[in-house]
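Trainee: Each chain is listed here by its residues.
Protein chains: 2
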Amino acid sequence: MGIRNIKLTIAYDGSEYHGWQIQPGLPTIQGVLTEALRGLLGDRARVCGASRTDAGVSALGQVGLIQIDSPIPTENLAKAITDRLPPDMAIVEATEIPLGFDVIGAVKSKLYRYTIFTGPVRPVLQVKHCWHLPGKLDTAGISEGASLLVGKKDFKSFASGADTREDTVRTIFRCDVTAGGEAEDGWVYIDVEGDGFLYNMVRNIVGTLTEIGNGRWKPEKIEEILEARDRTAAGPLAPANGLCLIWIKY
Amino acid sequence: MGIRNIKLTIAYDGSEYHGWQIQPGLPTIQGVLTEALRGLLGDRARVCGASRTDAGVSALGQVGLIQIDSPIPTENLAKAITDRLPPDMAIVEATEIPLGFDVIGAVKSKLYRYTIFTGPVRPVLQVKHCWHLPGKLDTAGISEGASLLVGKKDFKSFASGADTREDTVRTIFRCDVTAGGEAEDGWVYIDVEGDGFLYNMVRNIVGTLTEIGNGRWKPEKIEEILEARDRTAAGPLAPANGLCLIWIKY
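One line per chain: the protein sequences are A and B, in this order.
Heads up, the first sequence is in the working numbering, so the first residue is 1 and it goes up one at a time.
Heads up, the second sequence is in the working numbering, so the first residue is 251 and it goes up one at a time.
I should point out that these hints are in silico values taken from the structure, not numbers from a laboratory.
We put the CB at the ideal spot given by N, CA and C, even for glycine.
Watch out, some of these pointers could steer you wrong.
To be verified - SDA-like cross-link-like pairs, simulated, lysine to any residue; straight-line CA separation at most 20 Å:
(1) B:Lys257 x A:Lys7
(2) A:Lys128 x B:Lys402
(3) A:Lys128 x B:Leu375
(4) A:Lys128 x B:Lys386
(5) B:Lys378 x A:Gly135
(6) B:Lys329 x A:Val92
(7) B:Lys329 x A:Leu125
(8) A:Lys79 x B:Gly385
(9) A:Lys128 x B:Gly385
(10) A:Lys79 x B:Val371
(11) B:Lys257 x B:Ala295
(12) B:Lys386 x A:Tyr189
(13) A:Lys7 x B:Pro370
(14) A:Lys128 x B:Pro336
(15) A:Lys79 x B:Leu375
(16) A:Lys128 x B:Val377
(17) B:Lys402 x B:Leu361
(18) A:Lys79 x B:Arg372
(19) A:Lys136 x B:Lys329
(20) B:Lys329 x A:Gly186
(21) A:Lys128 x B:Leu476
(22) B:Lys329 x A:Gly135
(23) B:Lys378 x A:Pro86
(24) B:Lys329 x A:Thr118
(25) B:Lys378 x A:Gly56
(26) A:Lys128 x B:Lys378
(27) B:Lys378 x A:Leu125
(28) A:Lys79 x A:Pro120
(29) B:Lys329 x A:His132
To be verified - Derived list of chain A stretches under chain B, where covered just means 3 residues or more per stretch with a C-beta under 8 Å from a C-beta of chain B:
(30) 8-17
(31) 110-119
(32) 190-202
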């Protein structure tokens, strides 16, 4: 059959893992997935991910690339791999794509969702997948601040120090805040779509927006922070648990 | 101040615990809660629960009774206890009630919710709080079968053998099936409210209803099962993970 290039859409609860990237002796998404792939496809199987999600970050639509020469039909792959994964990981879809596809470079946009719970009582069933910030959040103010992040801008102030990339310009297509729902039940979602993200960028954005939400800063502060090109100008890093990579578009 | 009787409303993710009831050497809800209470209130603190939820079963509204002679104000208790609990447990509310209140005997009704996911891909973020049954479920049929359970009836066929109570008559006030939601997204909820439940009764009801949902049985089969007064007449036991005790009314 020759070698096929397969694009995997991967979902995982990241709360029990040390992030995407394989690390000796630690449970990671890439490590556990590679083990499952080797059981199914042989010892040389490896997977290249589109995003290196941090420890504690979850995904519903991470993308990974594998090359296989196994005769197993593409339409059976998602289930066959999932059957070898722990319950907190699953392959959503497996599709064949042309050889030479660049799983990192060809990304057009990614959507991250950050979940905050503002109710008074810790939400025990979702506690690993949200940031619990009891008390009133000014979601209109957050929304106004968020709108100032949209566009092609230099996001250096929102990149954690470990990011050594020179080019800190990225395009945010949208930064939407959804609050309350029909029942005004305390859940707040911040959806950030962009063509790429610097290290910790979404979590630094969320931490900054919550400083607007709690009244410490005015929404216009966002412009000042962007201009500063300095991490210390922005707000705190939001916890990893609230973050989920929803999808990646090519 | 004298002794006060305090009713606690307790929420927990049961997936990492061996059920409510204290057991030496095993993590249980009552055990962890008792430890937190003793840290706050002294070595004699103990809690009596309204429902002995099984291993893996969660709760948003379990009720526990404690007696305290500490000067700590009642309105501070919920937070003070929660601060000593792990993230997957919380005290929702603490209220003072008259001495002599019978936390088990005074129950008027309880609501359990059972969650099923019928989509093709394992829901990684909710996998510990649902039963994943990929494929089509006839929710209209389940609903019809569920309606035949409502009323004051002998539920002996739905009690697991370990239940040795002689009186197997209980009243089910409602058994409602909610499917799909706005997005027809694969989630099915079975809400069962009753004045009391036999051992494993909700899970045996759900396992039986899914046999209607997958077409093996007709809805009318429920009447035949009730008449049999025999556990082997009913369907399989549904997994504990999908079950959650929503509230208890007095």
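Trainee: Which numbered conditions among the earlier hints are violated in the structure presented, ordered from lowest to highest?
Mentor: Violated: hints 1, 2, 4, 5, 6, 9, 12, 21, 28, 31 and 32.
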